[in-house]
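Engineer: So the chains spell out like this:
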Amino acid sequence: MKGNFIDNLPKIYGIYTGGFVGFIIIMAIAEQMGMTAKTIGIAFVAFTVFIYALIGYLSRTAQADAYYVAGRQVPTVFNGMATAADWMSGASFVAMAGGIYFKGYGYMALLVGWTGGYVLVASLLAPYLRKFGCYTVPDFIGTRYGGNLARFSAVVVLTVASFTYVTAQINATGTIASVALDIPFQYAVYVGLISILLCSMLGGMRGVTWTQVAQYIVLIIAYLLPVFWISNKMGAGFFPHFMLADEVARIGELEQQFGFVKNAAADLKSVPKGLAGITKAHSAVNATPWAFISLALAMMMGTASLPHVMMRYFTTPSVKAARKSVGWSLFFIFLLYSSAPMLATLSKLSLIDPNLPTGIIGKTFAEVEAIDWYQNWNQANLMFISDFNGNGTLELNEFFMGGKAVVLATPEIAGLPYVISGLVAAGGMAAAMSTADGLILAIANAISHDVYYKIIDPKAETAKRLLVARVLLVIIGFAGATIAAMEIQGILGSVIWAFDFAMSGLFFPLVLGVWWKRANRQGAIAGMLGGLVAGAWYLVWVRTGGSGFLGITQLTFGIFGSAVSLVLMVVVSLMTAEPDKATQKMVDDVRVPSGKSILGKSH
Amino acid sequence: MSNQQKHWEKTRGLLFITLAIWFVFSIGIFLFGAEMNEVTGPFGYPWTYWFTCQGSLGAFVILIFWFANRQEKIDEEFGFSEREDE
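Protein sequence lines correspond, in order, to chains A and B. 1 is the number of the first residue of the first sequence in the working numbering; add one for each residue after it. 1001 is the number of the first residue of the second sequence in the working numbering; add one for each residue after it.
The reader is advised that the hints may include incorrect statements.
[Said to hold, decoys possible] Here are the simulated EDC-like cross-link-like pairs (lysine to aspartate or glutamate), alpha carbons at most 16 angstroms apart as the crow flies:
hint: 1; chain 1: B; residue 1: Lys1006; chain 2: A; residue 2: Asp588
hint: 2; chain 1: A; residue 1: Lys280; chain 2: A; residue 2: Glu255
hint: 3; chain 1: A; residue 1: Lys320; chain 2: B; residue 2: Glu1082
hint: 4; chain 1: A; residue 1: Lys363; chain 2: A; residue 2: Asp353
hint: 5; chain 1: A; residue 1: Lys320; chain 2: B; residue 2: Glu1072
hint: 6; chain 1: A; residue 1: Lys233; chain 2: A; residue 2: Glu412
hint: 7; chain 1: B; residue 1: Lys1006; chain 2: A; residue 2: Asp589
hint: 8; chain 1: A; residue 1: Lys596; chain 2: B; residue 2: Glu1082
hint: 9; chain 1: B; residue 1: Lys1010; chain 2: A; residue 2: Asp588
hint: 10; chain 1: B; residue 1: Lys1010; chain 2: B; residue 2: Glu1076
hint: 11; chain 1: A; residue 1: Lys320; chain 2: B; residue 2: Glu1077
Because the hints were derived from the structure by calculation, they are not lab data.
Assemble the whole structure, with the sequences as input and the hints as a guide.
Structural biologist: This is how it looks when you write it as structure tokens:
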């Protein structure tokens, strides 16, 4: 191919996408010719992971700025795709539609929160941090406020938030690998981890960038294709996003007709752990304004404080490109997020509408138990029915399902070929891997660049710095996998906590670092550590039976943490001396896009 | 007032407008979620439901691109836009 790599990107990823579609078609033909479901699942996961590993190998580098910020030459649209993959985790892919299916409006605050946050990223932070020219988020804090303690505090907040998040992602790769490859979860976690490390170890940020673009393409095809296919097959409309109003209304009608019968506690004991019934209205407003808004607000501020997202905008060629790139990121995220409610609608209607051939409510228990897909998913511990009232017919309150089943089982319920289920597994794997890579890299880079190079050994040579970075990458990955293997907690709980931790400690120190010249070192340190401690305290307090206040729950504790952070930062800053002239000049320089970046190209 | 101060003044002005629009779509409309959901909105979905599925999300995408273009205009006006070779 002529010309350099960057100019050829559209062509390269065009061929890649064509190749992937070709692979799907080959698998579909193989299925018709009698290939088993299990072989197809293995082929999908193995083939895609092999491609990512190949990209990771081809992106290997020995240069600091390629390793930390992909050489700052990632074009806007491609950086948008990489950010979208970085952002959309295994939870977004596998669990989000399920959350909407079960909890409706109250849960959809997450959709608003996880997109609205990008407005804050674009307007308050990303372009300014790009101008700063830092390698990591603590790099900005450390230089803007000065001093090792400020830098170190930022590393602490970053590590707490990102590590909370990464165990959930490794857990998700393990779950998918264990289902697709049919191996025990304890081993599958390490298979997932090795796949993750193959993408990032040799090429650092450069490797992660180009694998994330590839992973985005796989995950978006894997999410959208089934949604469109199911919608068409059900006759719900060829473009579901604009055409499901009747289906939404029909679900409301059926809810009225069936009613939400409350099950006795004794009956619910027999339901396997992790499964839930439909107890909330699909499209009605079922949460108070504050419950909705506080959750959305916490997620928005958390988005703007999570370092693995912010560092993606350090890789663009210019400040202007960083701004535009945030817009592209959100566009690519929008494609998936706006489809999740549609999938939830299609999934729910196909199960509960007695007029549809797939509907099971109103059928006899013997009939439901004879259905192939029910048997499969019941065996996989994701579906369960029990005749509580003993009338022999399945009622709405007698049907239970796991949240993951909405994404994983709906294609099979709707009668799509197995090749689609294999594709969905590959998509979920891509989503979880890409986020895990971004997070592990964020932590390892912060420790290797900010703690090792900037604080411990400022004279270290590039080769040694990158060796330390890679060793840390492996250590952090294994630590995450070990905790993930213990299966302490569900995927989504810990994801939301990560946002709260990040906003508690980093939101105001980052924003005020650009927008308030008077903010100084003492204030920033008080804000970071005080906010993190206050947020963590609130979480522990509520988890151990505390009543909480102002309706702030364990999912929104970041609102309390960041409020404490803001107050401490302002009060302490005003009580101590204002930043010196050089620092004030630095803030002025950050505020204009032109001119040299604050930190040199290689630092 | 120096050129740079004027530039920052305008940048801040744009920030406040952007955040005001952001506030409406992320917080403002959900203060009236229950009332608004009674009304049929775009494509036949209830209004609040539509906003949480698509409306607010799409508004954020458009808002960021609009913001980026306005900010570029401001940077050009004061001669602070980046040259390609930087």
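Engineer: Return the numbers of the hints above that this structure violates; sort them in rising order.
Structural biologist: When the structure is compared with the hints, none of them turns out to be violated.
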